[in-house]
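Asker: Chain residues, written in single-letter form:
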Amino acid sequence: MAAPRGYFLDRALLYLFSYNTEIEHRTQKIGIVPEGARYNESARVGDSRVYNVFREKSQGGLGPGFKAVTGRLIAGFDRALYRSDDVIVGDVQATIETDDGELIGTRYRATAYLRPGGYAAYVAGIDRAGTENVPVQAPIVITPSFETQASAYQFLVTHRCVGFGRADVIKSEIRRLSYDIYAMT
Amino acid sequence: MTQPSYLASAPPLDLRSIRTSFLDKGIAYALSFGFTLESTGLVRKDERSLQLGLRAPPSPGANDVVFHVLGGDRVPGLDKKGRDLPAGFVVKPLDATILFHAQQDPSLAPLEDQELVFASLQGRLTFEATPSDARTRGEKTDGEPIRISVSYDGTIQPRETTTFAALKLPPAQAIRASAFVAPFFETTHPKYHWLTENACIAYGTWALEESGAIVASFDVYTVE
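Those sequence lines, one after another, are chains A and B.
Read in order, the letters of the first sequence correspond to residues 0 to 184 in numbering that gives the first Met the number 0.
Read in order, the letters of the second sequence correspond to residues 0 to 223 in numbering that gives the first Met the number 0.
For the record, the hints were derived by calculation from the structure and aren't laboratory data.
Using N, Cα and C, we set each Cβ at its ideal position, and we do this for glycine too.
Treat the hints with care, since some could be wrong.
Claimed, not checked - Below, computed lysine-lysine pairings styled on DSS-like, alpha-carbon distance capped at 27 Å:
hint, chain 1, residue 1, chain 2, residue 2
1, A, LYS170, B, LYS24
2, B, LYS24, A, LYS56
3, A, LYS66, B, LYS24
What the hints assert, rightly or not - Listing some non-contacts, in silico: residues in chain B with all C-beta distances to chain A over 10 Å:
hint, residue
4, GLY33
5, THR39
6, ASP112
7, ALA181
8, GLU196
9, SER210
10, GLY211
What the hints assert, rightly or not - The calculated label-pair distances, taken between Cβ atoms and stated as ranges, are:
hint, chain 1, residue 1, chain 2, residue 2, range
11, A, ALA74, B, GLN50, 24 to 30 Å
12, A, SER150, B, SER150, 55 to 61 Å
13, A, VAL135, B, GLU209, 53 to 59 Å
14, B, ASP94, A, ARG4, 21 to 27 Å
15, A, SER57, B, GLN102, 18 to 24 Å
16, B, ARG158, A, ILE31, 46 to 52 Å
Build out the structure end to end from the sequences listed, making use of the hints.
Answerer: Dropping the structure here:
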């Protein structure tokens, strides 16, 4: 067998945009399914924002002619699976409408770790993490890909992205999500 | 484009209350692996894309193994507590599909003359412990080797300007690309369960060799 590669491959992350989304309080608790426990959650569309942390108008790092992504979410839905091995895996679909009226679709997987025994405690209703005054902030990471026909945002289509996020958790329910989206380059 | 009617009553965006700092991001090296695949054929999907089907070769390639770039079988992990990586496991690809895309602009030029901008790929493979691996031997009592399921999807971007005309089987000249994928690990083995607890991203090299084989190598990172 040949000797394995002895050096790291180049890697970089390029900041693209951020978004906040409020989550509807009425979680659809599908309940226990063969893979774990299923919970469907929706974004509160009117309260969701897509923005650039730097308030830039163009997308830096990709050359001229690329617009910064700003706007709002007009749809967002997550089929979250709380797995019995204490891992939450989300299956999210969302649509962004940019300030210039273009539509960008996205679908991605979200991953978060509860804690050892977290699944059993959650489905039994024992866990009540976070309060209205002091929400628990939990890290969530997503790996989105984007679709759009808008030429100004084609850079989203050609890149694989990763989103570093935080979930505000109140009484063990996610109430707000905030992400910074980066392109892998 | 005018605003859709269902948003007519939505409040205007107020950016003053929105954060101006980045969220923390954690990224930690997890493992590296390589794999080899055989091409099964090119199929034209539409006016702007071509699909390459792939399958596992009869025997693994020389570099189809899980390894640590710096040697060893431990990594610090995101929490710096130390994690075992499945070093020495054989990579057994199952299948993969790659869709090569032309530019978004539907120009009148025939597909063969258009530049290959990027490709989307998805596939499945398995990491499997070898019986000769003394470190893992005996960890499963049912006689089955330890296996880790990996599914992945992402994009590849050619390193040099390439047209669809050059995309043949086998190609006259190797087509090399950078690959960016999100792998998803599944295992119940407690030693490697940490791979399933965090999202992962992988940076890689990808090549369609003159023989028609795909040779790829990836560095995987866990992110938080």
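Asker: If a hint holds in the structure, say so; if it doesn't, say that too.
Answerer: Now for the hints, and whether the structure bears them out:
Distance restraint check for A:LYS170 and B:LYS24: the Cα-Cα separation of roughly 25 Å lies within the 27 Å cut-off, and the hinted pair is therefore satisfied. Proximity of B:LYS24 to A:LYS56 is assessed by CA-CA distance (about 24 Å); at most 27 Å being required, the pair is judged to hold. Using a Cα cut-off of 27 Å, the hinted pair A:LYS66 and B:LYS24 holds, with the two alpha carbons roughly 24 Å apart. Against the 10 Å criterion, B:GLY33 falls within the reach of chain A, whose nearest CB is about 8 Å from its own CB.
Remark: the non-interface label on B:THR39 is consistent with the geometry, its nearest Cβ contact in chain A lying 24 Å away (cut-off 10 Å). Against chain A, the non-interface label of B:ASP112 holds: every CB pair exceeds 10 Å, the least being about 20 Å. Separation of B:ALA181 from chain A is inadequate, the least Cβ-Cβ distance of about 4 Å not exceeding the 10 Å criterion. Interface exclusion of B:GLU196 from chain A breaks down, the closest Cβ pair being 4 Å apart, not more than 10 Å.
Every Cβ of chain A is farther than 10 Å from the Cβ of B:SER210; the closest lies at roughly 16 Å, confirming the non-interface assignment. For B:GLY211, the condition that its CB be more than 10 Å from all CB atoms of chain A holds, with the nearest at approximately 20 Å. Between A:ALA74 and B:GLN50 the C-beta distance comes to about 29 Å, which sits within the given range of 24 to 30 Å. Remark: the range hint 55 to 61 Å for A:SER150 to B:SER150 is contradicted by a beta-carbon distance near 32 Å.
Our hint of 53 to 59 Å for A:VAL135 and B:GLU209 holds, since their Cβ atoms are close to 55 Å apart. Remark: the range hint 21 to 27 Å for B:ASP94 to A:ARG4 is upheld by a beta-carbon distance near 24 Å. Hint check: A:SER57 to B:GLN102, Cβ distance near 20 Å, so the stated range 18 to 24 Å holds. At about 48 Å, the CB distance of B:ARG158 to A:ILE31 agrees with the hint of 46 to 52 Å.
Hints 4, 7, 8 and 12 from the list above are not met by this structure, while the remaining hints are.
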